[in-house]
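Engineer: Spelled out from the first residue to the last, the chains are:
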Amino acid sequence: MLGIVGRADPARRPKYGGTLRVEIGAVVNSPDPAVAAANPEEAAAKERISALLYERRNADGTFAGVAGSGPFRLAEWDPGKHATLAANPEFRGGRAFLDSIEIQMGRAARDRLLDLEVDKADFAEIPPEEARRATERGVRVSTSQPEELLAIAFVAGRPIAEDARAREALSRSIDRAAIVNFILQKEGEAAGGLLPQWSSGTAFLFSTAVDPAGAKSLWSQISGSPKIVLGYDASDSLEQSVAERIVVNARDAGISVTAEGTLAGASAPADCDARIVRLPMAAPHPAVALTRFLAVLGPGSGIDATPLADGTSPQQIYDRERAIVSGYRVVPIVWLPQVYGLGARVRDWKAPAAGEGWPFADVWIGDAQ
Amino acid sequence: MTRAQTQSQLPPAWNEAVHALSEKIAAALTPSHTFAASVTDISSASPVDLAILRQTLADQIVIRGGRSVEDASADSVVQVTISQSADGFMLVAEIHGGGATQTAMAMVGHLEEAAAQPSPHAGIERRIMWQQSRPILDFGAADLDTSHTLLYVLGADRLEMYESSGNAQVLHEVRTIARLYASRDPRGRLVVTDATHVTAFVGGVRCDSQWSPSFAIECHENAGQQWPVGPVSWRFDPSRNYFSGSMTFSNSLEAKFPAFYSAASPSAETSGQNNSRWVVAGIDGHAQLFEGSAAAVATFDGWGSDIATGAPACGSQWQVLVTGTGDWTETDRLQLYEIRDHRAIAAGQPLEVPGPVLALWPAADGKSTRVVVRNLESGLYEASIVTVSCGK
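In the order they appear, the protein sequences are chains A and B. With the numbering used here as the guide, the letters of the first sequence map in order to residues 454 to 822. With the numbering used here as the guide, the letters of the second sequence map in order to residues 276 to 667.
Don't read these hints as lab results, they were simulated from the structure. Since this is a predicted model, take the numbers as computed values, not measurements. By construction, the Cβ of each residue, glycine as well, lies at the ideal position given by its N, Cα and C atoms. Check each hint, because a few of them may be wrong.
[Claimed, not checked] Residues from chain A shown here face chain B by an in silico Cβ test under 7 angstroms; the list is partial:
1. Arg466
2. Pro467
3. Arg618
4. Gly654
5. Pro737
6. His738
7. Thr765
8. Pro767
9. Gln768
10. Arg800
All chains, please: the whole structure from these sequences, using the hints.
Structural biologist: In structure tokens form, the structure reads like this:
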């Protein structure tokens, strides 16, 4: 996590009061967890807002109790546009330092950055690929550990997806380091396994090296004129960039891949053999994170989605991860961090761990620089 | 180097991990059992010497039937990596031999278990008395007799008592405190009258404890939320993290200051006839000097939120120990200021501490200060005594 860029007010102990101005890209239509989100972006934002309104979660990740039992209560809700949360003085964990949070929805990444720059916002999520640019423009940036996996999931039942040589060839052809360096502007890590090094401690055992010769050799063993159709979310510029890069890498290895964008929330087109997926970690612990990944991936990709039992050892986690990766039905590409832009007056900000919500109950507002 | 020597130089938790890993490696060696081992470290900060770990591991594998040889002639090459996961340090072995690679792993005991021990002196001016992973709001120690000391540690909802004799510390008693108020920045204060009488102020309650003959504690709502600080009582806001500004003196007179996080007044040795001087570190971020009237006579900028009068040993001037600025994501510092002619003059170099100072209270003897620091590297809360030495 990057440090704080200077400050002017001398108080070190948290100060009460003030309003945190938050801007998000998602459009959240209902704060009710029972109302389904229209797309993954809305679902993620809704979960973060709900985490501020509910005191705790059940073991299955759903929210327990009533809205307003958390550190904040809903004071205003303008569907899809704006929300105001007020501090809950009765919160069991102690009243939040902030008086309120103002959330503006549907703000484009460019507008969020601009508002941070001109001090119209105190907090906004920034796409990882924009982090370097944001820093260069003087925005205070906080980066989490890598906690979202960008991967290719082959679609079970598609003829080319059922050919292990094709899956492995595509995996070997991908230049993950180039994706990290050029598309992500070094805000991320090449992924060879399904869990990041900081979580499992064993990611270094998985190769991330590009092997076009090996890919070419495998692909040449496939008869006919094979082709892989790779789907991605057309509204996600990062997925699009990565998909296009993979097409180029594959072409260099003699593999025929075409990328096809789909609308957010829509199911992949029927002719997709594989799709790019984003897999946010549900928790820092490797067994929990891997179990959630398997639950998400399993139904469509044909992998064994049996949950890992409590008390699974590191060796067992690694063995399971290795077995899945070696099957190439899921091809890890890169690990992405969460990147947050912070206003100058935000204090005691700590990037949340994987699966945690925004830590606004512990944030406080100081004087601007 | 003998096996006994190398093993004794690894921390116990690491010895156990090496032992466990060696069993797995030995079972995976090729039939000839010859191996060459190497160790690399990709963790952020493992506390072990790689050469010692490698030697210990090799010795353990040999005990289990392996034969250690030079790389070129070994049938199995064992590459051990010190890694780190969300659960802590781990040892990962890649065993290359017979055209295949096997892996074996062993977790190292958790950081908390390995480090939650009292540390030796951390320096001339700050001495760590105790460290633990649970938050510490305040602490206090008193000698039970010539060879036993009792250390009381106050948390947000518990009071712990440790008995130490020599280098051994034993958790003697734990009592839960049913607080009436919760704060996201909980604060508390311990008043240790003697080794067997302690009073805790926390969460809106006052808890009086004593040995009679067993350890007993009685808690009730702290009416008026008064916290005694020397001869004065400060009124605390138990649902927040600051004092209201109201002070009650031993003669029942009351004084009103701006709401503050902490305050300091000169000791009897330095105050002379004038004992009405106070510096309060206000919640507005300004430290103000008052001299018996409602209006501040001076404002000191750039001070942190916690202050305490320093030891009077350094000259005759009033000296105040002051925390640094910023927030709790950063390391902190303690700077001594001399209050002279309505001015605050920095005295000497600041003492850097490895995390935010969460509590700063003058000790009852007036010669030292109790300081609680949350170490940002280890994540542990450190209860420490800071003494001011002249000429530093």
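Engineer: Looking back at the hints listed earlier, which ones does the structure fail to meet?
Structural biologist: 3 and 7
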